[in-house]
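Using the hints, put the two chains back together into the complex; each one sits in its own frame.
Protein chains in written order, with the numbering used here: chain A, 1 to 194; chain B, 1 to 89.
Honestly, the hints are just simulated from the structure, not real lab data. Even for Gly, the Cβ is constructed at its ideal location relative to N, Cα and C. Hints are supplied without guarantee of correctness; some may be wrong.
Within a straight-line C-alpha distance of at most 30 Å, the following computed DSSO-like cross-link-like pairs (lysine-lysine) qualify [claimed, not checked]:
#1 A/8 - B/44
#2 B/24 - A/86
#3 A/86 - A/8
#4 B/24 - A/8
#5 A/102 - B/24
#6 A/86 - B/44
#7 A/102 - A/86
#8 B/44 - A/102
#9 B/24 - B/5
#10 B/24 - A/81
#11 B/44 - A/81
Cβ-Cβ distance ranges computed for the label pairs, FRET-style [stated by the list, open to error]:
#12 B/50 - A/90: 17 to 27 Å
#13 B/41 - A/81: 21 to 31 Å
#14 A/113 - B/50: 36 to 46 Å
#15 B/40 - A/89: 14 to 24 Å
#16 B/24 - A/141: 49 to 59 Å
#17 A/182 - B/48: 48 to 58 Å
#18 A/132 - B/45: 46 to 56 Å
#19 A/171 - B/78: 55 to 65 Å
#20 B/38 - A/121: 42 to 52 Å
#21 A/90 - B/36: 22 to 32 Å
#22 A/105 - B/60: 26 to 36 Å
#23 B/59 - A/18: 32 to 42 Å
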Amino acid sequence: MIVLDQVKFLLRITRTRDIVRRYFVVNGFDGALTMLGLIVGFLISASENLSIMINACLGAAIALGMSGMSSAYMSEAAERKRALDKLEEAMVSDLQESSHGKAAHWVPLLVALVNGSSPLLISLLILTPLWLANAGIELPLSPLHLAIIVALLLIFLLGVFLGRIAGISWLRSGIQTLLVALVTVLLIYLIEGD
Amino acid sequence: MESVKRVVLDVLKPHQPDALEFSKAIAEVGSDYHVTLTVVEVDKNTETLQVEIVGSAIDFEAVQAAIATLGGALHSIDEVEVQSENDTG
Chain A
1 MIVLDQVKFL LRITRTRDIV RRYFVVNGFD GALTMLGLIV GFLISASENL SIMINACLGA
61 AIALGMSGMS SAYMSEAAER KRALDKLEEA MVSDLQESSH GKAAHWVPLL VALVNGSSPL
121 LISLLILTPL WLANAGIELP LSPLHLAIIV ALLLIFLLGV FLGRIAGISW LRSGIQTLLV
181 ALVTVLLIYL IEGD
Chain B
1 MESVKRVVLD VLKPHQPDAL EFSKAIAEVG SDYHVTLTVV EVDKNTETLQ VEIVGSAIDF
61 EAVQAAIATL GGALHSIDEV EVQSENDTG
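Chain B on its own, in the form it takes in the complex (with noise of 0.2 Å):
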């Protein structure tokens, strides 16, 4: 069984929520996600944004649904580390 350790993401959202609600609502997803976002650009009505999520074991469709809710659309997945069970590296 494979865990995914790491993701960073494209993500377009609208302004509101504000950026730190938006990564307060993904860490929230996990219990022990820990989220760094970055808004890479600002649009009229949108935000192009960098998402860094890293954990024991991202459920990353839980992710992708909380990103919806919030009104966001994932663009991309441009990193990711995955973790399988044998290794301890």
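Next up, chain A with everything else stripped away, as it sits in the complex (with noise of 0.2 Å):
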């Protein structure tokens, strides 16, 4: 708990706790998609060997996270960086022992963190009727039907958790961000498909 309290007090005093959320948000999308778009192709492609789409799907799961960490770290470590050396300019002190010192160490690795684990997370979880049908257990669709279906509840949601931060809708964001990914889809039916 006093941990949590002082995440919130560091995001806080950097201001950077909407651009975590943003972060999360925007990498979950791009790594729902990117699961999305690899199991249409599968789907095209009628691909049986389900071992072989499990660990392409990872592969890329895994990538993603590992772009979103190092990214994320680099730019927020840099942007804290320079927003410490203006307040150490403007408060004519060292601030490095300060809360705002440690925050300009520690805020870039917690949205790394965030920024890496949010694909990660939502990949896995598209991916778990893979996993299940790998490991034998009957489920009541094809697997990669299913992976589509949470893919889309999972995007749809992202899109919910995107309405209630904006005070919109909920139901108006789900949808849009629904038809985003329907409309990839569609164009990987259309350019891929025969």
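Here it is in structure tokens:
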């Protein structure tokens, strides 16, 4: 609880709470759409080998996670250093030992963690039906169709989350993000399908 | 043994944490501290404050450390009230 309060405090003084939230949604959306694209691609190519599909999707999920983590860390560390330098200049004092110094160190790591874990976790959730089927568990639908349903559901939920942040209709916002996903699926079918 | 009963400080701090959070953090240093914070001037990145702390025995060094932890800089001690052990006034 104390750690959580400390994290909230550091996010507040650096005003990065909204940045973390934005990174979570944007990269989560990236992860969900990438998985959706891969799974629809496998569906079109009528691939049968679940292990190959899982490995390909997992590889993409890990790459998305690493890309999210490293890019967010580098950009956020640079932003926090710049902000700290400006503040030190205004205060005419060294703030390394203060909460602002701590924030310049920890906030980029936290943002990187959120930015990297968001697409990874969402991708892993989407892959769950494939894993279950691979483990021999009976599913009501084919694993690829179930994975697409999970992906669409998660994309809808990300839209709902965005709607709540913006204070607009959650249903409208959820449907908007869902439409983006459906257009993506349609495009894949148009370009890849015969 | 003397104890510090009241101090008025001139402090410069960044906009964040805000005045409420800043005064709460200073009040947390002692069990009976009464903190009155007045924002004297607001600049682009900083705020100049007048911080009055009243308590039975103010630990000045701990207050100074709390201010530094919050990113503030103590510019001057403007008023002090100190009481000696035998002072009943």
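For each hint, the structure was consulted:
1. This hinted pair checks out: residue 8 of chain A and residue 44 of chain B have alpha carbons roughly 24 Å apart, not beyond 30 Å.
2. For the proposed pair residue 24 of chain B and residue 86 of chain A, the alpha carbon gap of about 26 Å is at most 30 Å, so the pair holds.
3. For the hint pairing residue 86 of chain A with residue 8 of chain A, the CA-to-CA distance comes to about 22 Å; that is within 30 Å, so the pair holds.
4. Proposed proximity of residue 24 of chain B and residue 8 of chain A is supported: the alpha carbons are some 16 Å apart, at most 30 Å.
5. For the given pair, residue 102 of chain A sits about 20 Å from residue 24 of chain B by alpha-carbon distance, which is consistent with the 30 Å threshold.
6. Between residue 86 of chain A and residue 44 of chain B the alpha-carbon distance is near 11 Å, which keeps this suggested pair within the 30 Å criterion.
7. The hinted pair formed by residue 102 of chain A and residue 86 of chain A meets the criterion: a straight-line CA distance of about 15 Å does not exceed 30 Å.
8. The suggested pairing of residue 44 of chain B with residue 102 of chain A holds, with an alpha-carbon distance near 22 Å, which does not exceed 30 Å.
9. For the suggested pair residue 24 of chain B and residue 5 of chain B, the alpha carbons sit about 18 Å apart, so the restraint of at most 30 Å is met.
10. Straight-line distance between C-alpha atoms of residue 24 of chain B and residue 81 of chain A comes to about 27 Å, which keeps the hinted pair within the 30 Å bound.
11. Proximity of residue 44 of chain B to residue 81 of chain A is assessed by CA-CA distance (about 18 Å); at most 30 Å being required, the pair is judged to hold.
12. Checked against the hint of 17 to 27 Å, the C-beta distance between residue 50 of chain B and residue 90 of chain A comes to roughly 19 Å, which is consistent with it.
13. The hint said 21 to 31 Å for the Cβ distance between residue 41 of chain B and residue 81 of chain A, and at roughly 27 Å that hint holds.
14. Separated by about 40 Å at the C-beta atoms, residue 113 of chain A and residue 50 of chain B satisfy the suggested range of 36 to 46 Å.
15. Take residue 40 of chain B and residue 89 of chain A: their Cβ atoms lie about 21 Å apart, and the range 14 to 24 Å holds.
16. The supplied range of 49 to 59 Å is met by residue 24 of chain B and residue 141 of chain A, whose beta-carbon atoms lie about 55 Å from each other.
17. The beta-carbon spacing between residue 182 of chain A and residue 48 of chain B, approximately 56 Å, falls within the hinted interval of 48 to 58 Å.
18. Against the hinted window of 46 to 56 Å, the Cβ-Cβ separation of residue 132 of chain A and residue 45 of chain B comes to about 54 Å, which satisfies the hint.
19. Evaluation of the 55 to 65 Å hint for residue 171 of chain A and residue 78 of chain B yields a pass: the beta carbon distance comes to about 58 Å.
20. A C-beta distance of roughly 47 Å is found between residue 38 of chain B and residue 121 of chain A, which places it inside the suggested range of 42 to 52 Å.
21. Checked against the hint of 22 to 32 Å, the C-beta distance between residue 90 of chain A and residue 36 of chain B comes to roughly 25 Å, which is consistent with it.
22. The beta-carbon spacing between residue 105 of chain A and residue 60 of chain B, approximately 29 Å, falls within the hinted interval of 26 to 36 Å.
23. Checking the proposed 32 to 42 Å range against residue 59 of chain B and residue 18 of chain A shows it holds: the Cβ atoms sit about 37 Å from each other.
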